[in-house]
Each structure stands twice: as structure tokens, then as C-alpha cells.
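Peer 1: From first to last, the protein sequence lines stand for chains A and B.
When we follow my numbering, the leftmost residue of the first sequence carries the number 1, and every step to the right adds one.
When we follow my numbering, the leftmost residue of the second sequence carries the number 1, and every step to the right adds one.
Simulated from the structure, these hints should not be mistaken for lab results.
For each residue, glycine too, the CB sits at the ideal point set by N, CA and C.
Be aware that a few hints might be false.
Unchecked claim - Examples of chain B residues lying across from chain A (beta carbon under 8 Å, computed):
no.	residue
1	R17
2	G30
3	V42
4	A45
5	S46
6	L48
7	G49
8	I51
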Amino acid sequence: MSALVGTGIGRGIAIGSVLRMPDPLPDPATTPSTIGPDSEKERVTGALASTGADIRERGERAGGKAQEVLEAQVLMVDDPTLRSDVDSRIDNGATAERAVFEAFAGFKEMLIGIGGYMAERAADLDDVSQRIIARLNGVAAPGVPESDTPFVLVARDLAPADTALLDLDKVLAVVTSDGGPTSHTAILAREKSITAVVGVVGALDLNDGDVVIVDAGAGAVTRDPSADDLAAAEHAIAENARRGSVPIGPGALADGTAVPLLANLGSVDAIDKAVAAGAEGVGLFRTEFLFLDATQAPSVSSQYAQYSKLLRGFAGKKVVVRALDAGADKPLAFLNDAAEENPALGLRGLRALRANEQILRDQLTALARADAETDADLWVMAPMVSTVEETRYFVELATELGIKTAGVMVEVPSSALLADRILGEAAFASIGTNDLTQYTLAADRLLGSVASFQDPWHPAVLKLVAEVGKAGAALGKSVGICGEAAADPLLAVVLVGLGATSLSMSPSAIGDVRAELLQHTREQAVRLADAALGADDARGARDAVNALLVPQT
Amino acid sequence: MPERNVVVASAHGLHARPAALFTQAAARAGVPVTIAKGGRSVNAASILGVISLGIDHGDEVVLAVDGEGADELLDELTGLLTTDHDAS
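When you get a sec, could you build the whole thing from the sequences and use the hints?
Peer 2: In C-alpha cells form, the structure reads like this:
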């Protein structure tokens, strides 16, 4: 056997035989047209119309977010600027195929030149271009192969038009050689809960009919698996299925140690779903949604109405609300309008609130008022705190305005390293693992090119979590985790081993985490955490933890 | 030719969805509409043209409409540009 590695999306496991997606069409030849510009343009007109209709029809069948992406592709097909570019190339003697190819390539270069988010859209243009050229050539558009039996789809990368129409009864898993965690393949795989491993080096060496094990949790694709590998994978698949049936109840380890499982919420609309999933409260309520549509800060009374609804939804339970976290990727004109070279390192989080203290005062006042009138247990925390002094500032202000429990988010290494002193001031800490990973590994969490660094299993990140856990234990204060890390069941166990006392995640992940916690005692969790801390990198940490798990046969 | 200066509100500037909404509205208008940034002007009905301007959050652009109902159209397009479509 040999394992190919990549970035897993979700944690599904699948066993199946490979079906390769056809490679892209060859570049059209540069030989001059033999039929003349008018005929070439007529061919283009027909090909554009039928390609546009085809993509639109796929969108209508797919619906949802996929339809939006595909509608944007239809706009590209119909684009007047593109058409005049194609026409002028044809006037200069090119064939329809070559003119389309060159015009799209030109725009693609331009998008890549703009960089960042735009560059990631470049794949959409390639896809549209290929589809038009396939039409012109009268060949099938490149896309997902059809099969009567279920298969593991292996591709360079999936275009939105492909992912949108994947037949989930047939596609057991998706493996791509290109693309990172922010690619369309990854986004849509997440949305549709498709087992996927992206960015797999060597994926294109797989052949039709090869049997593979795709393990998204481990980010690995095993080719030519042994009988033992297959048995282990089948066991894991059965385990996963069984997890769904663990009864709802408070989160706890096998030895009974309570680990409250809380929900991350972004609006009051999601309360019911969280309660249904068995959330024991809210570990992170993001208040940004109240502000992002606004051109000015919302009033105390309009905020109060929302907070009151939230707290009533969790009567008698803990609700941790994060003060407005804006700046960087979430700019708000009335908070920070300055153009910053490095917004992630700029005036964001508590820093931005402090520069606009009235906004913070209004928010805390509205929260305190809602708290006084309901019997939920309201905790309030400040986003992105980086110093002890900031902690003191926030706690004092919150206390002054009537907040009973004031804490901070640990998202930058400085506050993790000084957690003993930070927790000397604050009532609790909650670790935001996404940002903590971004700042620890100096990797912009929105940037696909450094996505491989954005892994909360990295021992450097875990070491910082351990610092906070140690400080919390010494001072008897709560250390929560909110962030994607807590939603990874095995990592959740490691985090508890590092000293986390509660875990907060999207409601849909709570069941899996609850089931995994029940498999380990506190002592075992600590042992797993030690193994992870001792590794050199994120993959090593995962492997070390997996190696300690006794297979339950 | 009626013109208007607009500051773009979408948090990630004019890409994908906001750009699509804007160009669709411009295309529906049936009269020539241009959008310009930094002196470079493109057909507002062209998503690739609009994207190529690399319009960011907070950038000022100039809309120009040639034809009947220019003011109403400018109002509609300005409304689209000053709404943050990434917020939802």
C-alpha cells in the first residue's frame, strides 16, 4: 500500500474504485481560419448560445449556492467585452476555437494579475472556455464521467459546473490534485457533505479501476490497500455511522468528566437548530451580523431586542457573546475606515472598539439590559485581545456597565503566552483557533496559497492552547475553545487533554464530538495531547495521536 | 452625458456576486452604461470588464449613462453599488 496526502474536507471515509475525470482539451491550433471571419463568428455565436443555455440549465437543476456560481459563469459566456475580443481575433484570421481560447486566456491572466480572491476565480474562466471550445469541436464537454456503479472521482480540480451536479448516490468521494481548502471543490464538498481530499500530490497517477481508501479526517488516500487497511476502514465507516446514533446529552469523557458542548451562532435564527442538536448553551455568539449591513452603529434598543431573543432561547443556560469583531476581512466604515497595508495586523477586534468606545459601551449596555431581564447566564468576551492591559480595560468597562462575567478571546500568541496574567484579570478565556493558527504560523487564513499552514493540529498552536489550559486550571477559570478545531472530534479530545473545559462549534458537529469524547478518559486525553505536542508538525501530531488509539475490534 | 460618482460599499469590492448583480442590471437597461475607475472606463454590462477594474471596497467609481431615463437608471445602479452584498 501507499498513501497519498492532501487536505481533507470533513472527516468522512470511503472505499471505492477510481474513475478519472477526462483531462482538459488540448490548446486549439494556431493555424489560420480557412472558412473566413463571417463563418467563424457564426460558429462562435452558436457555441456561446448553447454553452450558456447548458450552464444555465445545470444551475437550475442544482439550485442554491451552486446556481449563483453558475449564473456568474453564464454572464461570462454572454460577456460583450469578451465577445468583441473574440471577434477582433477572428478578424485577424484566427479560428473560432483559437480566438475563444486566447480571449479567455487573456482575461484569466488579468484576474491572476489582480491576485487574491480574483485569482481563485480564474478556474471559472478556464471551465467556461473549455466548454465553448468543446461545443465548437463537437466533442463532449469535459466533466464528471457517468457510471452505473459508485466510484471515487479523481480530477485535477472540479469546476463549479461539475461539483454542482455530482450524483451523490454515485460519487463516494472526491480526490483532486489541485485546489486548496478555499477552492470551489472544497466549498461545495463541505456544503454537500461529500468526502473529499484536495491538493493531493500524485492523485493524477491513479488509474480508472484502482481501489482506494479516501480518509478525509486523515487527509490521506491509500492506494492498493491491504486486507487489513480495508477492514480498518470498514470498521471506521461503521463507527462513523454509529456515532450519529449516540443519544443527545451533556458532553462528557468516558470517566464522566463533564465537557460542556456549546454552539457557535451567528444569528438568533439558528437557535432552534442548536437546541435540537443538544447544545448546552452558546459558546460563541457573533454579533457582527447586527452591524455589517449598517452604515452606522445600531442603537442600544435595537441591539437589546436581538440579545433578549437570544438569551430567552437559552433560558437557564450559558450564553457567551463576543463583542463586535470587525476590521481586517470584516471592515465597517463607521469603525475603521483607514486603508491598512496589513489589516489582519491592524486596528481590529478590541483595538477598533477601543478607538470607538461609544460603540462598545452601547453594545455592553444593551447586553447587560437583556441579561437583567432573562435568566440565561450571560458571559461577554472581547475579540482579539493581545495584552494584559487590554484585558484590564475591557473587564473594567464591562463591569462598569453591568456585565457579570467578562472574559477575553485568545487569538494571538501574546495573550496565550501570558494567559496566567490575562486570566488573573479576566473571568474566562475562549480560544479562537482559526485566528490563533493564522497568527502563530503567519499565514493569512483567507489566502489559498498558504492554506496548508492553516492547520490547528500544528504543535505550535497546541502548545499555546496548553499554556492557556494550564493557566485556567491553576486559577480555576474556564477555558473554552470556539473555532473549527473544536468541531474536529479527535482534535476536540486533544484540546480537552490540553486543558480546555468547554467546546463550542457549529451545531451540526456537536453529535460527532459528543460521541468521540465518550471514547476517552481524561487520562487518555492528556496522553493524546502529550503525543500531539511532541510532534514536529500538524501531520505528525495527527499521526502520533492516531497511533495511540487502540483499534476497537 | 449624465454621470455620477459613487463609493463602492461591498466589503470585498466588486467581484463575483456583487459584480454579477451590477452588470445584470446594467445589461437590462438597454442603453449604453459605462463604469470608470482611475480614468479607465469599461462597458458596465460586461462582468469581465467590471472585474478587470479591480474595484475594492471604498473605491470611488464614475457611472455614466447615455440615453433616456438616465437619472432613474443611475439611481438604481448607485443603490446596487452602495449596498454591501457580502453582508448577507
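Peer 1: May I ask which of the numbered hints given earlier this structure violates, with the numbers listed in increasing order?
Peer 2: 2
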